[in-house]
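Chemist: Build out the structure end to end from the sequences listed, making use of the hints.
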Amino acid sequence: MSSMNALPPIPPVGTGPVRAVLLDADGVLQIIGTPWRRALAEAGGEEFATRLLAEEGPTLEGRRRLLPFLEELAGQLGLRASGRELLGLWKRATPDAAARSLVADLRAAGYLTVLATNQQWERREWMRAHLDYDGLCDIDAYSCTLGVAKPDPRYFAAVLSLADTRPDRALFVDDSAANIAAAASLGIRTLHHPADAGGAVLRDGVVRALSAPLTGPRP
Numbered sequence: 025m026s027s028m029n030a031l032p033p034i035p036p037v038g039t040g041p042v043r044a045v046l047l048d049a050d051g052v053l054q055i056i057g058t059p060w061r062r063a064l065a066e067a068g069g070e071e072f073a074t075r076l077l078a079e080e081g082p083t084l085e086g087r088r089r090l091l092p093f094l095e096e097l098a099g100q101l102g103l104r105a106s107g108r109e110l111l112g113l114w115k116r117a118t119p120d121a122a123a124r125s126l127v128a129d130l131r132a133a134g135y136l137t138v139l140a141t142n143q144q145w146e147r148r149e150w151m152r153a154h155l156d157y158d159g160l161c162d163i164d165a166y167s168c169t170l171g172v173a174k175p176d177p178r179y180f181a182a183v184l185s186l187a188d189t190r191p192d193r194a195l196f197v198d199d200s201a202a203n204i205a206a207a208a209s210l211g212i213r214t215l216h217h218p219a220d221a222g223g224a225v226l227r228d229g230v231v232r233a234l235s236a237p238l239t240g241p242r243p
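Here this note's numbering = 1-based position in the sequence shown + 24.
Be careful, since some hints might not be right.
Pair by pair, the computed Cβ-Cβ distance ranges are [unchecked claim]:
1. G159 <-> E70: 36 to 44 Å
2. G99 <-> P35: 52 to 60 Å
3. S106 <-> P177: 19 to 27 Å
4. G222 <-> R61: 17 to 25 Å
5. Q100 <-> P35: 46 to 54 Å
6. G99 <-> A63: 17 to 25 Å
7. A78 <-> G38: 42 to 50 Å
8. A78 <-> R152: 23 to 31 Å
9. G211 <-> E70: 32 to 40 Å
10. T74 <-> L31: 36 to 44 Å
11. L77 <-> A133: 35 to 43 Å
Calculated directly from the structure, the hints in this document are not laboratory data. Since we're looking at a predicted model, the values are computed, not measured. Built from N, CA and C at the ideal position, the CB exists for glycine as well.
Modeler: Given below as structure tokens:
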């Protein structure tokens, strides 16, 4: 393999401060395609998109199932689409093979990997059944199972507890600026990954971030 095509190597654990790598799913480990708000607006209109994003908290925290929420919202807004039809929006994602290879390489290099993602029960079930997420990372930290969702600081506290690691020993990768800011405020090292940028960009960013001396977002 030529040097131009060689993947940047993962520094072995212990060569830098990071011990655990926390990875978001949508936009990071899997490609979402159409930006989420636009997809919601195209399916149910701008008011639907606004209401859903403002009121979905209980579904992300696992306190309410997504389908009944969608059915109720569709009825309130008089949408032609049913809740079950709208649920199809949550069954869209394409696993990024290069990103998954990065996870395997991180584990081989000795890092603890954590799937750190906001998901409703229905989306979690679909991801596990159809996208083969079980066993990808050492620890699964779905918001619906933890009872709290990003960017709530309690989410990150719960993940750090599961990983049994200090904030400055963890690297959190996400495509959401709000989530990155929340994690950085707790002293967690962060990498703001451009949504759907792909596994090659992800690998390059993670390799650079693993040995970065500073805590906080990287450009």
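Chemist: Does each hint hold? Answer for all of them.
Modeler: Consistency of the hints with the structure:
no. : hint                      : result
1   : G159 <-> E70: 36 to 44 Å  : holds (39 Å)
2   : G99 <-> P35: 52 to 60 Å   : holds (53 Å)
3   : S106 <-> P177: 19 to 27 Å : violated (37 Å)
4   : G222 <-> R61: 17 to 25 Å  : holds (21 Å)
5   : Q100 <-> P35: 46 to 54 Å  : holds (52 Å)
6   : G99 <-> A63: 17 to 25 Å   : holds (21 Å)
7   : A78 <-> G38: 42 to 50 Å   : holds (44 Å)
8   : A78 <-> R152: 23 to 31 Å  : holds (28 Å)
9   : G211 <-> E70: 32 to 40 Å  : holds (38 Å)
10  : T74 <-> L31: 36 to 44 Å   : holds (41 Å)
11  : L77 <-> A133: 35 to 43 Å  : holds (37 Å)
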